[in-house]
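Visitor: Letter by letter, the chains look like this.
Number of protein chains: 2
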Amino acid sequence: MIENRKTLRYCVIGAGHGGQALAAYLQYLGNSTVLYNRTKIVVDEINALGGIELYGMINAMVKGMVATSDLSLALDSADLILVCIPAHAHQDIATRMAPFLKPHHKIVIHPGRTLGAYMFERYLKEAGLTFQLPIGETDTFALTSRKIRPGLSHVYSRKKQLKIAALSPEFTDAIYNDMRHSFSMLVACTSPVETSLSNIGAIFHPIGALLNIGRIESGEAYLHYKQGISPTIARFLEKLDAERIELGEFFGFQLHTAYQWLDDVYGSQGNNLFDALQNTRQYDEIFSPNEITTRYVYEDIPTGIVPMVHLAKLAQTKHSYLQLTLDLANALYGIDFNDIGRWDVEDFFNRYRPKG
Amino acid sequence: MIENRKTLRYCVIGAGHGGQALAAYLQYLGNSTVLYNRTKIVVDEINALGGIELYGMINAMVKGMVATSDLSLALDSADLILVCIPAHAHQDIATRMAPFLKPHHKIVIHPGRTLGAYMFERYLKEAGLTFQLPIGETDTFALTSRKIRPGLSHVYSRKKQLKIAALSPEFTDAIYNDMRHSFSMLVACTSPVETSLSNIGAIFHPIGALLNIGRIESGEAYLHYKQGISPTIARFLEKLDAERIELGEFFGFQLHTAYQWLDDVYGSQGNNLFDALQNTRQYDEIFSPNEITTRYVYEDIPTGIVPMVHLAKLAQTKHSYLQLTLDLANALYGIDFNDIGRWDVEDFFNRYRPKG
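Protein chains in written order, with this note's numbering: chain A, 6 to 361; chain B, 6 to 361.
A few of these clues could be false.
Same chains, same names: a pair is fine if it fits in one copy or spans any two.
Unchecked claim - SDA-like, lysine to any residue: derived pairs with alpha carbons at most 20 Å apart:
1) Lys231 <-> Ile297
2) Lys244 <-> Glu222
3) Lys107 <-> Gly35
4) Lys318 <-> Asp332
Simulated from the structure, these hints should not be mistaken for laboratory data.
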């Protein structure tokens, strides 16, 4: 007997590289999907085309989806809200979402980077939300995709594994059960500590950019993983990653190392992290950032390195490589990335640290 | 009336890029010169040629000089000893020189980097030298030269300014008066603090290498000053340099900034350090290090950044950029550069700090 379930109604927030492809993908799989984007001209272009065209892993002209820049309308027609926008815009969207949220809504920060769900709940409370909603986060993004223009997306691949956790464990199952029909690679975690510390971008992105800053700034295009992460930089990343793993151990999780992650996700191996990166063919065409304002620094430092540094300080685990990464970014950019980062983590720490 | 002075007898220690050209240059100017080199085969090649050929700024086949690998003989025939070898070899040469030194000798570490004369005196004492000698240091090397092979050197230019100081102020004049006949660009300083903190290589070399480590290690040849020191890296260097200047102020010296130094030495100007470097045609052909074991790291960190960090700690002046440079080098190379560096600076600090 086939289980009778109600149609899932998704709202995807943000029509960027991820959001546009994901909304079309969910609609393509039979879900009722709304794509919200703040900029009306983007929405109008999609609606004028009558939908979104996907090519690559999926080749389809996906129709029947609603695209809108009316947030009230977008949320009204949805049960599960996937927030797919850069982290620096989370506070703004949370503030604007708060008045329209209903108790039946579930929210997933996709991806959460580190502490995405936690910060989003705080933003919602600060914006006046009085009731508790299931809020979760994933450790990475479900698809690898690029937006060519409004209405046209290239989908390269699906991740083989996608971790998910809600802030309250009792909500994880509900979100997981809703989403797993469309996200077969989904793995439910017991705590957002695990999704937050599985943010592998914080390991692979910032140092690879910072230690090639002269190269980026002289306008040279090089391959981020293949030419940017040299043996010496890869050894630095192994030590940085070891601090992430040690922090995970403090919270009771045996996280996979960056080296193991390459095997999990891409089947790449080697004698060490450098070799494994060199053996990852999926990185063959990933080029370097072409501006020092890259999200490898401006997104991954405040939403990855900053919260890891502050959690490690509270946990009293080693964090000299994490701290050095933050100090170097601060010195090079002449700002304090804490100011735009997730540094205020004490409540999170106290809520999820091992008790007794 | 022309002053009647005794012929100056120089001993140049080391037949590398600097020493070989300098020995020939001093002999060419009429001084009696001995060139010492530890490796006998190098000495034999020079003697077989009957001298050293210079080309470039000076074109001459210089004869009549003694080249030897007999240290006793080399020192016996000299009054003023110029130590022109990499700093990591200073302890070895001091230990071997000590038994042959006489009270009439004067020693100049050329260049001293930071605290070269101070460390050399300690090495001599540790090696059993019981009497005090005039020991001085210069802030940079007198010539810009490259050794093509034993017996053949390319001399590009002479520095426009060369600072010199002895550990004891009363000896500075004696050394200065001896040397100024052959080194017309010589400027006597009141204290080795000034020569030590005028080590501009500590500003221009290590960070330029460390923040291009991925580039160096992927075998790319780029121009160290022109393509390696990008605007962001140049701004970092300005802050690093400001800590050197502040340290100088603590000791009572108004040192020139790296930006001013470019104008002093090369006549280069611009809106900022980046511009001035771009406008320095003398750097047009200075390529990047081709190995991560470059002296830009292995010499300039232990003999420049390390002593500046430790002096700044004692002086309680700002040193976050100096410290970050050291921390980054330690993390990337997986060693503690203090271990091979000039960290034990408390006696120096107490001897030269402003009193009262």
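Visitor: Checking Lys231 and Ile297: alpha-carbon separation at most 20 Å within a copy, between copies, both or neither?
Guide: both (19 Å within a copy, 18 Å between copies)
Visitor: Is the C-alpha distance from Lys318 to Asp332 at most 20 Å within one copy, between copies, in both cases, or in neither?
Guide: This pair counts as both: shortest intra-copy Cα distance 15 Å, inter-copy 18 Å.
Visitor: Evaluate Lys107 and Gly35 at a C-alpha cut-off of 20 Å and name the case that applies: within, between, both or neither.
Guide: Answer is neither: 24 Å inside a copy and 94 Å across each miss the 20 Å cutoff.
Visitor: Regarding Lys244 and Glu222, is the shortest C-alpha distance of 20 Å or less found within a copy, between copies, in both, or in neither?
Guide: between (26 Å within a copy, 19 Å between copies)
The earlier numbered hint that this structure contradicts is number 3, and it is the only one.
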